[in-house]
Each structure stands twice: as C-alpha cells, then as structure tokens.
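Enquirer: The whole structure should be built from the sequences, with the hints applied where relevant.
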Amino acid sequence: MEKKLIYGCMGLGGSWSHDPLTADDQQHADVALQAAMECGISHFDHADIYTLGKAEAAFGNWYRKAGADRSSVIIQSKAGIRIGVGRNGSNVYDLSRNYLLESVQRSIERLQCEYLDIFLLHRPDPLMDAGEVADTFAEMQERGFVKTFGTSNFPFSVVRSIQHYWKDPMRTHQLQGSLMHDHLIAHLVDAHTRAYQHADGSEGWWGAFLKDTYDWQVWGATDRGRFTGGYRDGMDQQDEAIVVKVRELAASYETSTYAIVLAWLMKLPVSIQPLIGSTDPERIRMSAQSLSVQLSKEHWYDLWLTARNRPLP
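Numbers 2 to 314, taken from the working numbering, label the letters of the sequence shown in order.
Some clues are possibly wrong.
Unchecked claim - Here are the computed lysine-lysine pairs in the PhoX-like style, where the Cα-Cα straight-line distance is at most 25 Å:
id : residue 1 : residue 2
1  : Lys-212   : Lys-168
2  : Lys-268   : Lys-4
3  : Lys-212   : Lys-5
Just so you know, the hints here were simulated from the structure itself, not pulled from any lab data.
Expert: Okay, structure coming up:
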C-alpha cells in the first residue's frame, strides 16, 4: 500500500482570469514547486481549468528550467469541466471524445512534459457514453498522450460502467476526504443504523480501496487549514475542540499540526495519497512531516471521535 503526498497545483498561476501569467506569478510557483521537490514530493496534480490554464503553464515553465528527468516526476491532469458556459454562468461537464482529446493536448503543451503519466476524468457527466470514453482512452494511449487513467469525484458504480469497456485497470481515483469529510469511513461504520446515508456516492469505494487495487488520492485533506492553527474569533465550540486535540497530538508527537491531520488519513489501511496545495514553503515542509508520523490506534480514534462529535454505534 503506497502512502505518499501529492502536490496539488490548483493554487499556481495567479488569478482565475484571462489575464496573462505574470513574472510574480511564476516566481511564486517556482518557490512552491522547489519546496515540494526538496521535501521529496515528485507527484504533481493539475487540471486544465486551474487558473484557466495558467497553473499548468507556470508548472511547465518551472519544469523546463529545472531540467528534471521526465522519469523522475509523475505528472497528472484532469479534464471534463467547462467553466461558466452554462445557464446563469454554471459550469457544465463534457466527457466527449473531441473535448477530452483537445484538453489533453493543450495540457501537455502547457506542461511541456511530452505526455501525462495519469489522466483523470474530472467530474461525472450524466450524458457520458462509457464506450466512447473507453475508445478515447485507447486513442490517447495509441497517440502517446497518456499512460494510465482514472477519475475524480466519481461514484464507484460509474467507474465500473467505464471499466466494463476499458479493460486496463483504472487504479487512480480522487475523492474528498478529511476529518470533516469522513463519509467513506462513516459509511462503513454507520451501515445498518439510522445515521446511514443512502446514495451519497460512497457505496463500493471502501471495499475497492481495501483490495489494494485502487489508489485513493485525497483532495481537501487538511480542510483548508481549518484545524491546523490556533483559536480564532468566532470559532464554534466543535471546531475549537478539534483544534485543541490536534495541537495536543502535535505536541505529543513533536511534529506540526499539518502533519497530524494528514497522518490521521494515512493511518487508514489503504493506498492513500493526500494532496497538499499550499504555496507556502513552510506549510509544505510541515505537511511533509506527516510521512514520518505514525498515530497510535488510540490517538487515531480519539481525534476522529472529537471531529465526528457523536459516539460510534
């Protein structure tokens, strides 16, 4: 079971606008990416929409200047969301062959990386043709664009429908997970109780992860730093209790609060890979400390029950 951190590049590239990438934006990205590499993080997550393509462009510029061996880094990207093109400015989803092929080629050009190690479908499209998606995957592989495939934010049942047509294993899947978004494990323990949530998208995933045939890439792993700082004005009692517990454990393990919340996830007995997205080098370093923290079972449950705020059945 592989446990590692992935650097999420959503925060690179400056503003979510069509303004060009600035020298300051590039410098900000260079510092963050170098800090990640110095911490041993060599897996980078992108999406075509992040800062409207500028995140990929900033990474590509850094990657070209760094002169890194292509085989020494894992570069992945996602596509399938069309920003603001729907009614009242809503996003729409598009997993059609033409859209995915065009998106992948543009991502590779911006990233300056020759190919993607992993390509993920960003969100499920109700109009998706699973057979067409599989054919598109095959074309991407044949043309040397992508090595392997996966999904992001997909119900397990929809992954299985694609896998019916695409026979190569789709090992990589991104799902939200954290102390406050514990739905995958809550789904496990709350089964056959009144607290059980039907059709919340969790069905099937935990069993798949336990088989060690899937990698769970976890986004939102630190709840945007919600519990890694100190007391804040207006903080409710529940959040304060979690912050106190996280700080208590950080002191006990002589590590950072970021390391504790990430180590809580990495205690799970599956192939789990939290994404971290801070552009602050010090926060990146504090997050990387999680790789050397092994929470005890007692402390793991203590932190979870503090966050859960209700007894287990």
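Enquirer: Each hint needs a verdict: does it hold in this structure or not?
Expert: Tested hints:
Our distance criterion of 25 Å between C-alpha atoms is met by Lys-212 and Lys-168, whose separation comes to about 18 Å. The straight-line distance between the Cα atoms of Lys-268 and Lys-4 is roughly 9 Å, inside the 25 Å bound, and the hint therefore holds. For the suggested pair Lys-212 and Lys-5, the alpha carbons sit about 18 Å apart, so the restraint of at most 25 Å is met.
When held up to the earlier numbered hints, the structure conflicts with none and fits them all.
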